[in-house]
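*Asks:* Here's the letter readout for the chains.
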Amino acid sequence: MLDHRSGSDPVNDASRVMLDLVRLPDEWVDYYVKRGVLPGTYDERRRFPRYYYRGRAMLHSGDKQYVIYTKDLSRCGIGFYHYKQLFPGDAAVLWLPPDTRLAVGVTRCNRVSENCYECGAEFVAKADQDAAVQHLAGVISDDGDAD
Amino acid sequence: MPSDTIQSDGPQLVDQQRLIPIALATLRPMACLSFDLFVLGESGHAPALYRQRDYPLLQDDLDRLAESEIRSLFITELGQLRYQQYLEEHLDEFLADEATPLEVRCGYLHDAGQAMLDSAMRIMDVGRSIEVAEQVGGQVANLVNGSGLLPSEMFRMLRHDYRLFTHVINVSAYCVLLAQRLGVTDQQKLKEIAVAGLLHDVGLRKIPRVLVDREDICKPEQREALQRHPQLGFQELRRRDELNWDQLMMVYQHHERCDGTGYPVGITDKEIHWLARLCAVVDTFDLASRPRKNRKPLHLCDIVEILQQGAGRQFDEEMVRCWIIEADRTR
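If you read the protein sequences in the order shown, they are chains A and B.
Residues 1 to 147 (this note's numbering) make up the first sequence, in order.
Residues 1 to 331 (this note's numbering) make up the second sequence, in order.
Do not rely on the hints blindly, as some may be mistaken.
What the hints assert, rightly or not - Simulated DEER-style distance windows between Cβ atoms:
| no. | chain 1 | residue 1 | chain 2 | residue 2 | range |
| --- | --- | --- | --- | --- | --- |
| 1 | B | GLN309 | A | GLU27 | 53 to 61 Å |
| 2 | A | ARG47 | B | ARG290 | 50 to 58 Å |
| 3 | A | ALA125 | B | ARG239 | 43 to 51 Å |
| 4 | B | LEU182 | A | TYR32 | 32 to 40 Å |
| 5 | A | SER141 | B | GLU317 | 21 to 29 Å |
| 6 | B | LYS206 | A | ARG47 | 30 to 38 Å |
| 7 | A | ASP26 | B | GLY312 | 46 to 54 Å |
| 8 | A | GLU122 | B | GLU318 | 54 to 62 Å |
What the hints assert, rightly or not - The calculated EDC-like cross-link candidates involving lysine to aspartate or glutamate, where the alpha carbons are at most 16 Å apart (straight line), are:
| no. | chain 1 | residue 1 | chain 2 | residue 2 |
| --- | --- | --- | --- | --- |
| 9 | A | LYS84 | A | GLU118 |
| 10 | A | LYS84 | B | GLU77 |
| 11 | A | LYS71 | A | ASP130 |
| 12 | B | LYS296 | B | GLU67 |
| 13 | B | LYS270 | A | GLU114 |
| 14 | B | LYS270 | B | GLU317 |
| 15 | B | LYS206 | B | GLU242 |
| 16 | A | LYS84 | A | ASP128 |
| 17 | A | LYS84 | B | ASP286 |
If you are wondering where the hints come from, they were derived from the structure by calculation, not from laboratory data.
Because the structure is a prediction, the values reported are computed rather than measured.
Just so you know, even glycine gets a beta-carbon here, dropped at the ideal spot from N, CA and C.
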């Protein structure tokens, strides 16, 4: 999988100069390694498969920007790690490297540890879904190239 | 007063602790009710059968009870399900009837809520309970009367689950009491706290009632479904303008625990809003004081012990201490 932590792209360049407050648990040594489709669960609310999608991204909320760590991506939503709690219904814009912009609404939040909250968000408009699908195709393609 | 001897739910004289209060205001004269009605005797006397099931309840009966300032009658655990069915069958139309002025329907709800609070306060000293019921209950009940938001929510709650209705009335009043004990004196703030208490479990309306009623949730997916109610309530109320962020946090966080093992997020003590920490204490207090299928209602000292065991882990220590003092000084 193309590691989108590195490379010259606007999102990564910007996120490198921002304060990174997320503290992923030390034991997550395989955070960047995971790839492919997430294992399925009994949760019938999930309509589409989710793909591992690991790396840094940016979250814009109000007039503030934050570094986040992405977790997984599907056609209708994205999972990521933020340093503080978000609330269901919060609106935000995610910037995925190199230059994909997605408007999202937070759907859930779970505390992993201090300064690490796992958040789920859904795309709010069809345009964002389409952009996510296109971005996802690139991720899957990169994963295939890396194999 | 008692009817002729015919088959009823159980013995004519029953243990008071196994009876469940219902508001007189929820009863309408009709040919027959499908559950026995009991009335509390004089102090020191056991409750007595007032009206057996399948025996007519007349308007004269209701008038005489009201004149005697009796606002609650009692049903057995067995009768509870039938009472809920009665509410659904006969009162739904009344509460939902748009032609009936909202003021009248709110008044109905006012009476029902007030009577239930009276009964809830019986766990404390009688003299104190009257004082509490008048102060706090009136505040809560008047609140129900005066808001465009709450009556619609309360109507839906009453239709969904009668026990949920009584629970939120109790928790609302207890929240106000504890807030006062903690030093909150601003009337507007206390009103906000009462409102939030009434709505803290509003998300349960979106959970199948069969899950809400069960006392032995075993399957993970069932537990997870039930544990979604704080978030569901938060999401529903957040879309409206009537509640502020503090109130929303009571709804969203009242099942969080100081040690981080709560839900829906799993935050720890410093991250839990103080109103949610307050609600958690009284929410558990009220739930522990209710009769369960295979268990008698707990005594106040047992409930206090439950709270003390959870202090610092599940509950805010200071709030537990304050609530125990409040509950204790009424004995």
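*Asks:* For the pair supplied as a hint, LYS206 of chain B and GLU242 of chain B, is the alpha-carbon distance within the 16 Å limit?
*Replies:* Since the Cα atoms of LYS206 of chain B and GLU242 of chain B sit roughly 20 Å apart, the hinted pair is violated (cutoff 16 Å).
*Asks:* Straight-line Cα separation of LYS84 of chain A and GLU118 of chain A no greater than 16 Å?
*Replies:* holds, 9 Å
*Asks:* Take the C-beta atom of LYS206 of chain B and the C-beta atom of ARG47 of chain A, compute their distance, and say whether it sits inside 30 to 38 Å.
*Replies:* Violated - the Cβ-Cβ distance for LYS206 of chain B and ARG47 of chain A, about 20 Å, lies outside 30 to 38 Å.
*Asks:* Given a hinted range of 32 to 40 Å, is it respected by the beta-carbon distance of LEU182 of chain B and TYR32 of chain A?
*Replies:* violated, 48 Å
*Asks:* Does the hinted range 53 to 61 Å hold for GLN309 of chain B and GLU27 of chain A at CB?
*Replies:* violated, 32 Å
*Asks:* Verify the proposed pairing of LYS84 of chain A with ASP128 of chain A, using a straight-line Cα cut of 16 Å.
*Replies:* Violated, at roughly 24 Å.
*Asks:* Is the hinted pair LYS296 of chain B and GLU67 of chain B satisfied, with a Cα-Cα distance of at most 16 Å?
*Replies:* violated, 32 Å
*Asks:* Can you confirm whether the C-alpha distance between LYS270 of chain B and GLU114 of chain A stays at or below 16 Å?
*Replies:* This hinted pair holds, its Cα atoms lying about 12 Å apart.
*Asks:* If you draw a straight line from the CA of LYS270 of chain B to the CA of GLU317 of chain B, is it 16 Å or shorter?
*Replies:* holds, 12 Å
*Asks:* When you take the CB atoms of SER141 of chain A and GLU317 of chain B, is the distance between them in 21 to 29 Å?
*Replies:* violated, 55 Å
*Asks:* Between ALA125 of chain A and ARG239 of chain B, is the Cβ distance one that fits in 43 to 51 Å?
*Replies:* violated, 18 Å
*Asks:* Is the hinted pair LYS84 of chain A and GLU77 of chain B satisfied, with a Cα-Cα distance of at most 16 Å?
*Replies:* violated, 46 Å
The structure is inconsistent with the numbered hints 1, 2, 3, 4, 5, 6, 7, 8, 10, 11, 12, 15, 16 and 17, although it conforms to all the rest.
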